[in-house]
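Based on the sequences and whatever the hints tell you, model everything.
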Amino acid sequence: MPFLLNVDLAKRVWFARYLPLLTKQEAIMADNKDFQDPFNVFYFLGFLAAFLAIPLLPATLTLIRVFNGYATF
Numbered sequence: 001m002p003f004l005l006n007v008d009l010a011k012r013v014w015f016a017r018y019l020p021l022l023t024k025q026e027a028i029m030a031d032n033k034d035f036q037d038p039f040n041v042f043y044f045l046g047f048l049a050a051f052l053a054i055p056l057l058p059a060t061l062t063l064i065r066v067f068n069g070y071a072t073f
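Here the sequence shown is numbered in UniProt numbering, starting from 1 and rising by one per residue.
Everything labelled a hint here was simulated from the structure, so no lab data went into it.
Backbone N, C-alpha and C define an ideal beta-carbon position, used for all residues, glycine too.
Treat each hint with caution, since some may be false.
Cβ pair distances, simulated, as ranges [said to hold, decoys possible]: (1) 38 / 70: 44 to 50 Å; (2) 38 / 58: 32 to 38 Å; (3) 40 / 66: 36 to 42 Å; (4) 70 / 47: 44 to 50 Å; (5) 37 / 69: 45 to 51 Å; (6) 41 / 63: 25 to 31 Å; (7) 68 / 46: 28 to 34 Å; (8) 45 / 65: 26 to 32 Å; (9) 39 / 69: 42 to 48 Å; (10) 44 / 68: 46 to 52 Å; (11) 64 / 43: 27 to 33 Å; (12) 38 / 59: 32 to 38 Å.
Spelled out as structure tokens, the structure:
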């Protein structure tokens, strides 16, 4: 019966048996921690700003030039 309680640990060790010893121990230790999502809303907003700002840069500069009365940069 004790084997049935450690099925999860046995699966992790079986998966990690082809890895070096240090990496195997790190893989087992990493599974014991709660997973936290590495992404948050600020990463999404930053990506959205870069995704929109780069293609729209010529249009933005043209609008600034139009509003300034076609003054030279």
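Verification of the hints:
1. 38 / 70: 44 to 50 Å: Hint holds: Cβ distance 47 Å, inside 44 to 50 Å.
2. 38 / 58: 32 to 38 Å: 34 Å, holds
3. 40 / 66: 36 to 42 Å: 37 Å, holds
4. 70 / 47: 44 to 50 Å: 34 Å, violated
5. 37 / 69: 45 to 51 Å: 49 Å Cβ-Cβ, so the 45 to 51 Å window holds.
6. 41 / 63: 25 to 31 Å: Distance hint for residue 41, residue 63 holds at roughly 28 Å.
7. 68 / 46: 28 to 34 Å: 29 Å, holds
8. 45 / 65: 26 to 32 Å: 28 Å, holds
9. 39 / 69: 42 to 48 Å: Given a distance of about 44 Å, which is inside 42 to 48 Å, the answer is holds.
10. 44 / 68: 46 to 52 Å: Given range 46 to 52 Å: violated, Cβ gap about 33 Å.
11. 64 / 43: 27 to 33 Å: Between residue 64 and residue 43, where Cβ atoms are some 29 Å apart, the hint holds.
12. 38 / 59: 32 to 38 Å: 33 Å, holds
In summary, the structure is inconsistent with hints 4, 10 from the numbered list given earlier, while agreeing with the others.
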